[in-house]
Amino acid sequence: MPETAAAAHPALHDGARPDPSLWHLLWPKWLTARARGTGEKRGRGARLTILAVFGFLFWSFVFGVLYRLLLYFRGVEEIGPLLAGKLLGLLLVGFFSILLLSNVITALSSFFLAKDLDLLVAGPVDWLRVYLAKLVETVLNSSWMVVLMAIPMFAAYGIAYKGGWWFPVVAAAVLIPLLIIPGVIGSAVTLTLVNVFPARRTRDILSVIAVLTAGGIVLLFRIVRPERLARPEGFRSLVDFVTVLRTPTAPYLPSEWAQNATMSWLQYRLDYLPFYMLWTTAAAAVVFGALLHRTLYLKGFSKAQESSARWARAGMFPGVASRILSPLGILRRELVLKELRLFFRDTTQWSQLILLAVLVVVYVFNIKFLPLRGEGITFFLLNVVPFLNLVLAGFVLASVAARFIFPGVSLEGRTLWLLRSSPMSMADLLWSKFWVGTTPLLVLAVAIVGVTDYLLAVAPFMFAVSVLTIIAMTFAVSGLAVGFGTMFPQFETENAAQIPTSFGGLLFMMSAIAVIGVVVILEARPVYSYLRFQTFGEQFDSLEMGIGFGLAALLCGVATVVPIRIARTRLENVER
Amino acid sequence: MIKISKLVKQYGDFTAVDGVDLDVPRGELFGFLGPNGAGKTTTLRMIAGILRPTSGTVQIGGVDIAKDPIAAKMKLGFIPDRPFIYEKLTGGEFLRFVAGLYDQEGAQVEHRARELLALFDLEEWRDELVESYSHGMRQKLIISSAFVHRPEVIVVDEPMVGLDPKAARILKDLFREYTNRGHTIMMSTHSLEVAESLCHRIGIIQAGKIRALGTMADLHGTAAGSGGLEDIFLKLTGENAARALVDVLDA
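So the protein lines, in turn, are chains A and B. For the first sequence, counting from 1, position 33 maps to 33 in the working numbering; every step adds exactly one. For the second sequence, counting from 1, position 99 maps to 99 in the working numbering; every step adds exactly one.
Hints were generated in silico from the structure; no laboratory data involved. Check each hint, because a few of them may be wrong.
[What the hints assert, rightly or not] Derived EDC-like pairs: lysine to aspartate or glutamate, alpha-carbon spacing no greater than 20 Å straight-line:
#, chain 1, residue 1, chain 2, residue 2
1, B, K67, A, E575
2, A, K115, B, E87
3, B, K88, A, E575
Just chain B, same shape as in the assembly (with noise of 0.2 Å):
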């Protein structure tokens, strides 16, 4: 459902992505794991459409987003890392503006903001102004917006940031339930118990390279001889910070 191929992003002389390959099948929830400027926004901002790459491609549901970006972000939704949104609308206008631009209105709109902003807890809020949101109800907002017009493909950068353990715990079952009808996922995360409990598939990105891939067994795997998820991330991306961090505090 998603297909990059030998994606590559650089600013200038520095390559924030370099040669990515992935193929994210229909019904998949794929983790995407890498330590901080590794290439993971980058990554999910090329594939949502908002960056453009260097070279490589990008196709949604066999459509190159390049080539012929309205089909290819009709089949998707896309959860930014920051919750930015205009301040001056309501929870409820809001989400009937995203549905707008996906050429969505009426009852069953309205019906599923309704039952988003229920499910987050949000419905009292619905006709407050953003401005008067804290930052863990934007972010519900967000990701309520991202699955108002029903997309076969969500693309979800950090989701948990900001969430409470209540609207975390909805939002992995949301997550899950999503996959189970048939609706892809990808997902960047620090959370390695988010990823490991939830993800069909992890990807580790580091210096804008895929380092690993696969299921949580292949990783066992490539990692000989780690423990869990954790254990299998710092020894492919590098033990050291963690080393160096003890010698800081005992310093």
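Next up, chain A with everything else stripped away, as it sits in the complex (with noise of 0.2 Å):
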């Protein structure tokens, strides 16, 4: 058998090696992309309009703020550049930090848990071409949404300050080495950790140590308020200002390498050392982590075939919830209970909490120091920005939906088989579904609404009003989340993160921002008058503020039900 194998191979027989190259090995992700943007023609024109209008607003967004703050810089004689500067330098610091939390969690899917590395490492490929296909795959998949952040901010710095036709291909080299350097770095701490612990505890590490530094960083950075550092009065003198902003902020930082370059082009003085960091570094780093890669990845590669120990202790959780949820009889409490399991020992899930704490705090801290004290500082003003703050508020509830109770329909496409063929009806899925999320961001809405009115002070019928109104609102949001979660399902999505951020969560967030906008509007005109008559005496219509409740009360009322309806209907006829 040996000879007629090599006699069909003559490839083998001569003793030459098959070399896949790396366009072969990153040729199926291609195809795969290209199918997954060709596929599903239903709708296709709508989506990419939506798409495409939703990303121009956002540019425009970001180009709009950025290039009038950078023509004002210009206006400013001598600390103009100095102060451009320093924002891009702060721009690449911060896209810096996220690519390398984002490289080092995205290395672990690409280079341990992917589906196709059974076939690459069992397969005649080299290490480097798996190394660097992998690479590739790593930064494409961890850099996007970077990359989609720079274009407009790279815009407004080249128009602002005359870059050129040029400045596109500047921009360019400043941003690629800007993305591998952080795509090389985490992946080899990547790497290194998997050869300390199993590959999926270290997924878990790994979530709960990036969510942390994520957290941490916009904590730290909402506190030291930056805002007071932006006041050139609190400076001694100008001499000192201007001393801050010549020192560099961190030079071994290729952001400041990138900072350097992209302003030495902007500013007419052209100088090349900062490109040439930029590159030698990343060259550098690749080789450094090919080396590693060569060293360490197989025995990295074997360990993450090794699942950890993962017992469930049963402890006191089980008792203690089924008795508190046994009214519900036993269906939907084991429903309920199964939720509830699902998301705490999901690291990836619960570790989002942390976020969400860190929002809410930053949330509060921003309320607390909003100037509402002093001149200026009207009757309309004080009682316009606790209404703000029900927006707002909203908001917040409409992102945590949009991430813990939209996926959830998703998420059971693999185990769709065992709820349709058991004797459920698809409703008791759904309204499980929407109590298990409702009920933590009832208390999630209460608390915001409820601690930011008592530090605006408001009055009582304000903070009723506010406390009523948000409760209406999460019902809503909620049954929006479960039924636009249901009707645009993303069944084949292993990664609950990424569901929000598809087409439907797109359509979601819309529907429930207009809902939240339209029961404030509602509501408004009413207690403005209600407001006016209790302190200046002026006349109130009882009835307007009838209506006004009442409509909003019934917007929310059909925003809960009939979503989960029509979710219901869509569900029983999903065929998977």
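Using the hints, build the complex out of the two chains.
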């Protein structure tokens, strides 16, 4: 038989080794991406249009804000370019940190958990090719969002400082090594960690570390109140201020080199050194990354196949939860218990709660430091803030619902056979998902609005209106999340975090924001009239209040129930 | 116990199941055979209430699954061919959850769950998350989940895939005993040996239509002059593929 095989494959007979190119390894990924882009013809035009409109609006917004700021800087003698450089440095440091975190997480999937690895590792593929292919995959997957953010940013700099037609090339020359370096570092960190911990445990550890770090950065950034540093009057003299601006923030960070390279071009005094630093560092990083890969990868990959001991001890939780949930009946209780177990045992899910906590702290912090005392603060402004607070809290709720409630039905995709073949109505499934999501959301909503209203020292009437409104909004937002999550399911996606960024997620966010906006508009006028009546004794129409609040309640009720009803029909017709 | 009439399932222009009629009485172990893509899984998923027929009816114990799905499904246990289950539940919790879907709980369920896990050598894995189970262990757990609520009818798609010889033997004995006690099992399989040794009656489906139906003796009659089930199967579903294989190897 060996002779036959060798005869059939002359290349093997001659001792030549197969040598698939890097492109050959990346080719299936390209085909997959292309198929994803061209598949699902139904509603593609509408999707593309909505995405294009939102993308354009987002880019325009980022570009517009930065462009105005840069024009202002341009008008400031001496320190204008310094400020523009400092701002670019800050943005690039932010990008670099995000890229580092995101590469560490992405590298774990692409180097150790991806489904094509068995094929690649078992195949006669050179280790360097595997490394480069996976590095490219990691960098592309973790950087596309940063690139999308960077485009309007560089465009604003290029246009404001008249960078010329060659500026896009300069920006690309700056950005590409800035993407490669964190990609290599992230992959190397992951590779080292996997050699110490099992891959699945590493994923858990990494997700918690990443979330904690991200949360810590946001919290730190907010608590130091950078807006105070932007006020030159805080410095003893202009010389001190300029000295601070001239001092490099982090001379050893690639983001600083990228800043210097960009600003040197924009100020017509081209400096090649930062370009040289960026590209040589990127090249050296790839070489060292490859060497580390050669030494550690196979051992790490082998270790990644082992599963860590994952015992789930009974503890107090099941007994207590069962007793609390017993009035729901056996079926609903088991559904709720299942949801809770799946959530709290999945590190990638519960760790998001840390970010949520950070978000809430930052939100409350911002409200606390709102300048609402002193001159120029009118009666109108004081009472508009609690309403604005409702809109913002509603927006926070919609984001949380998009992350935690919207993916619920999609995540059942692979287990839908069990639920569909069991004697359970789809309404039970949807309502259990609704309540499991709504209850904590309700606590969060009432806490946010309660604490911020307390900090704003609003009147008892406004307090009651705010709390009741946010409760109704929470029900509406949850109902919409369950409904849209079922109508636009992502059954094939394994990563829950990707589901809210789908087309359905976008539609959900738009609907939720629309409902929140309409509710606030419906309530605004009667509440304003009532407050004027209380404060200035002006005439007040109770019918107007009844209609405003009645319509708002009706809208919330409809937004809660109707999407779930539609979702139920949709789920009953799903064929998988 | 399972009665399907003029069952049709179309996906666009493609007809996966084309007017199938079948009656599986109480206490029967019915084998459903056919080449890949013949319509076995589609038929079984329609019986389990997962897919909706384009036309035709499915009755479980006299209850039309389209008209009263809850009542029909109360009588049913389904074992799919792809064992996807909740990765973050333990084996014990998964069985309790499935029993809960059928409104069952308590000491009896716990006892049954323990017995089933012990039967398939999963007792030690009871408190371990499903994500650390092998493919075969997941298959055993899903099989256990179909029995944990003691359904009258079990519909099972490729039960032997991924099972070790010991578990396969246990499953065969379990199926035999279950039907001896008056329950009904409808099973699709590619293992002709399993079908021949286990099933009371066999149906062979090809291109969405039933080509042959009956006991082994009946099938011998249908494919006159054939030997074992393999010969009958190949004769009814076309021998060309086997010949083509030899040609490919010789080429």
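Hint check:
1. K67(B) x E575(A): 18 Å, holds
2. K115(A) x E87(B): 17 Å, holds
3. K88(B) x E575(A): It is violated: about 25 Å lies between the C-alpha atoms, which goes past 20 Å.
In terms of the numbered hints stated before, the structure departs from hint 3 and from no other.
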